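Fit chain B to the known structure of chain A by using the hints.
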Amino acid sequence: MSSVKFNQELISKTEKTFLQKLVSEQSFWVSVALLGICFVMYFVEDAFSSKDNLFNITRNFSFIGIMAIGMTFVIITAGIDLSVGSIMGVTGVICGLFLDAQYLPEWYSKAAYFEGVYVWVSIFLALLAGALIGAVNGYLIAYLKLSPFVVTLGMMAIARSLALVVSNNKMFYEFGPKDEMFYEIGGGSIFGVANATWLLIVLTILMGLVLKYTSYGKHVYAVGSNKKAAELSGINTRWIEMSVYIISGLFAAISAVMIVGWMGSVTNALGYTYELRVIAATVIGGANLMGGVGGTFGAFIGAALMETIRNSLLMAGIDPYWQGTFLGLFIVGAVWLEKVKNKKN
Amino acid sequence: MSILSLKNIKMNFGAIQALTGVSFDINQSETVGLMGDNGAGKSTLLKIIAGNFKPSSGDIIFDNNEVNFEKPIDARKSGIEVVYQDLALCNHLTAASNVFLGREIQKGIWPFKYLDYPAMFKKSGELFEELKSETRPKDLVMQMSGGQRQAVAIARTRLTNPKLVLMDEPTAAISVRQVAEVLDLIKRLKDQGIAVLLISHRMPDIFEVCEKLVVLRRGEKVCEKMIKDSSTEEATGLITGAIDRV
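Top to bottom, those sequences are chains A and B. Those letters in the first sequence? Residues 1 to 345, by my numbering. Those letters in the second sequence? Residues 1 to 246, by my numbering.
It cannot be assumed that every hint is accurate.
No more than 25 Å apart at the CA atoms, straight line, and that leaves these computed lysine-lysine pairs for BS3-like [to be verified]:
1. A:341 with A:227
2. B:163 with B:122
3. B:47 with A:228
4. A:21 with B:123
5. A:227 with B:71
6. B:10 with A:227
7. A:227 with B:138
8. A:212 with B:113
9. A:212 with B:122
10. B:47 with A:227
11. A:21 with B:122
12. B:77 with A:227
13. A:145 with B:47
14. A:343 with B:138
15. A:228 with B:228
16. B:138 with A:212
17. B:113 with A:227
18. A:21 with B:138
19. B:190 with A:228
20. B:47 with A:212
21. A:341 with B:138
22. B:107 with A:212
23. B:54 with A:228
24. A:228 with B:138
25. A:145 with B:71
26. B:77 with B:54
Treat the hints as calculated values from the structure; they're not laboratory data. It should be emphasised that the depicted structure is a prediction, and the values quoted were computed from it without experimental measurement.
Extracted from the complex, chain B is given alone in its bound form:
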């Protein structure tokens, strides 16, 4: 059953056509890899699903409802969480504070509401454990490795019970060892029954964790097939344009 279905999504920025009618489906607990060269429209598409942009035309059906997100917060409320490329974390705050940023657990009655630190430490500790990450709730994000930061960013998405997690280049700019950690984190999400849309430039990542491959080229979908029926050679060809479409 499909959790997200995009129908003929078009996006114009003035005269520039960033997306020229893209349609595809993401099924429940399916991990879909979205690939394409720079400027192919991957990030634009992600931002449309996340509610940063409104598409010029086309329909988005999420969880059997047609949706029209005005702001990112609307998308989050309906169950779409995003892990941004630059991770969007606050360096000066602890891991737990980052996980709960904007939706802190509070105690007391207004105006005497105060933060329930023990509950937040406990819950974020559980989330890190669930992700099998060694990140500790009380550590400052500033002192963390790239992999641990990823764990914090991904733990944020697990606060609610999202149905779909969008990830923009989660393995860019981190070390090889940490890439393995992040891919493990993505598999954990899948084990929880969460669908993932993964944008990546790294072919091995996509082929390791994804079930389906979608390739965009110049704002157009040129491929949508199961990973097991494809190959890295084919994907490279599709991205560069050596293979027109399949």
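Only chain A is shown next, with the shape it has when bound in the complex:
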């Protein structure tokens, strides 16, 4: 059959080796750029490669990176979550409120302060709040078919205002009798690497495995790639869509707990404009806003690149006012790169 022969030729032309596959990944090129910057900075600025600075960089991007993993799931389904910064704010404030129990009824501090239970209660409540806010986002988007942009824009305002309501515009910084334990979780380090960074690494691997090796992960990609096809295949697309917003909200809360532990205090301004940085990290890492493409390693490396550049610019003595300009350029640049790549395909 001549048609089959012709096909074989066509196929052998499009067959990709491992190397070709690697270079077609955006996260690969971002990694190369990251190494390049580190390489240059190593020679230009001694302080860059100091142990302290590297520790700072990795810890700083961990908070964004954790949120970016959640955002990756949302963006793979062709959604967007603009509320992550505000979710971080309100969950951080909730965590602080239950740690600093002076504004709560007396029975709570009496009962919960025993043996440091209150620390776990506070963390649990913060995570629960994050997941619940995500569930509200997800329900409105998946079941009521509202646009993700509008729903999460609304939630961005609502969650930020709830942070003000909950905190009553106060700062929480007295974290009770077992405060050291809480500081240690978010601010401590193991083997010279910040706990937040360890958590980011673990979550990157864990959620990466979920995306690649579970049917849930496969369905997340399917929903983003072709929702109609996914539905016709019998996939519960509504639940998949709702679940990614729960993941995003939960990861914003995880990041909030870590950052509050590290800073040792929390105000309602926590996470302000973080959504921009989180989306930037995710998109720079190769997630496609049109859906169907993305991965947790991309989120990790995207967050790392942004923080490294920020740090490098500071070290190079460039006015920090310029940071937003660079951030914006990177977002647009990443999307443009994606477009160029698609055209080539």
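What follows is chain B alone, placed relative to chain A:
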């Protein structure tokens, strides 16, 4: 022996009568071509058999049981698979992932269930081989030709052992060379003893692979006869209304 028999199927969308009492049978491993002009009710009928719509009235007897599908998944469970016009594939996933979409092979115990990629690659490779298609399991659907996409869509139907495959315009929007490939794929299904209901606008396709011809016009069946007793001229006349009915 008939595998599917439609009895007086009617379908109204409000005041519009899409189907005004259509009855016909499909026998085991028979390929039936369903033709008709735009708006004749072909797709509506297919969607009723596939479980997308419930008919306003009439009975569907499938595999000797009266069936009442609520959702497409119900139809699939009883052994009816559908190849949709737009193929319903996910471009960003591999051929194998598309074949197994929604019914992945998994290993392990919950919550530690993970996808068994080797098994899925192997099985989908076998299915492509059975269909004599050169599609490779690990290729992304995005990079595939129309014919290869068809092979993926048809391979999906072979995962279970369906008794009936419905195909909506499988040869629309692909090149002439690929049409030949798709018609071969349909013949393969027939060799496996699977009945096929083929909707097509393309007269040559129907006359090449089908045994029986059914023509709808304005929601009414105007012809049901064996292909060997018919001709393309007659079919054209029936579709356009130049010939009233036979």
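Going through the hints against the structure:
no.: 1; hint: A:341 with A:227; verdict: 23 Å, holds
no.: 2; hint: B:163 with B:122; verdict: 23 Å, holds
no.: 3; hint: B:47 with A:228; verdict: 15 Å, holds
no.: 4; hint: A:21 with B:123; verdict: 24 Å, holds
no.: 5; hint: A:227 with B:71; verdict: 17 Å, holds
no.: 6; hint: B:10 with A:227; verdict: 30 Å, violated
no.: 7; hint: A:227 with B:138; verdict: 21 Å, holds
no.: 8; hint: A:212 with B:113; verdict: 12 Å, holds
no.: 9; hint: A:212 with B:122; verdict: 18 Å, holds
no.: 10; hint: B:47 with A:227; verdict: 19 Å, holds
no.: 11; hint: A:21 with B:122; verdict: 21 Å, holds
no.: 12; hint: B:77 with A:227; verdict: 21 Å, holds
no.: 13; hint: A:145 with B:47; verdict: 24 Å, holds
no.: 14; hint: A:343 with B:138; verdict: 22 Å, holds
no.: 15; hint: A:228 with B:228; verdict: 38 Å, violated
no.: 16; hint: B:138 with A:212; verdict: 14 Å, holds
no.: 17; hint: B:113 with A:227; verdict: 24 Å, holds
no.: 18; hint: A:21 with B:138; verdict: 12 Å, holds
no.: 19; hint: B:190 with A:228; verdict: 28 Å, violated
no.: 20; hint: B:47 with A:212; verdict: 33 Å, violated
no.: 21; hint: A:341 with B:138; verdict: 21 Å, holds
no.: 22; hint: B:107 with A:212; verdict: 14 Å, holds
no.: 23; hint: B:54 with A:228; verdict: 19 Å, holds
no.: 24; hint: A:228 with B:138; verdict: 22 Å, holds
no.: 25; hint: A:145 with B:71; verdict: 20 Å, holds
no.: 26; hint: B:77 with B:54; verdict: 17 Å, holds
Hint compliance for this structure: hints 6, 15, 19, 20 are not met, and every other hint is.
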